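Counting from 1, one number per residue, gives the positions in the sequence shown under UniProt numbering.
Hints are computed from structural coordinates only; laboratory data are not their basis. Being a predicted model, the structure only gives us computed values, none of them experimental. Keep in mind that the hints are not guaranteed to be accurate.
[Claimed, not checked] Computed spacing ranges between beta-carbons, pair by pair:
(1) Val191 x Gly45: 45 to 55 Å
(2) Glu149 x Ala201: 18 to 28 Å
(3) Thr197 x Lys44: 39 to 49 Å
For glycine and all other residues, C-beta sits at the position ideal for the given N, C-alpha and C.
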Amino acid sequence: MISRLQADVESKIQSNEQMQVDGRLCKVRNDIGGWLDLSHNQLKGELPKSIHFGNVLTAWINLGFNRLEGSFPLWSNVSNPSVRNNLLTGSIPLDINREMQILKRLDLSRSLLNGTIPPSMSEMKNFSFLDLSNNNLSGEIPSNWEGLEELMVKDLSNNSLSGGIPASFCSLPSLVWLKLSKNDLSGELFVALQNCTALLALEIDSLEPYR
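Could you build the full structure based on these sequences and the hints that come with them?
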């Protein structure tokens, strides 16, 4: 099954055709270019621990809208992974900043992830897009986001996050889209976001007062 799937994938990549495949996704290797789109298929099983793109140092990969399970692996050579709308479980690795240093965009939305948002995510200087919405994340949002000057979009909606909104959000010069709705956040909205002058879109529920 895997050899047939691999041959089909390689053939479609070379001809730039659309495809729909099913089966299990194990070891992924692509020597053609630094991108791979296998979204909107019936792929199942666990995500591969590594992805190889020949001599390409950074890669885009889209595995969204499948039935992939297990935890999110730390792909050190992937800068733009999208694994949205799958069945991922477990927590986001605490050392994601060290193992995925070239990460620019991360979409893990619409899955079954739990645990907290690792504080190390606020140290990832190349971030421009972060979507962790529609999971089971809990705990407080990490507080120190000041260094993420490229971050434009941040969606943490539809989780079970608690605590206040970090004031450091408003120190992000590029942040134009912020979604925090459907959580258990508390505090004063005006105080938290009064200096967010760059925002073009904000989605948030009314906050519970601090007790």
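Hint check:
no. : hint                        : in the structure
1   : Val191 x Gly45: 45 to 55 Å  : 47 Å, holds
2   : Glu149 x Ala201: 18 to 28 Å : 19 Å, holds
3   : Thr197 x Lys44: 39 to 49 Å  : 45 Å, holds
Going through the hint list in order, the structure satisfies each hint without exception.
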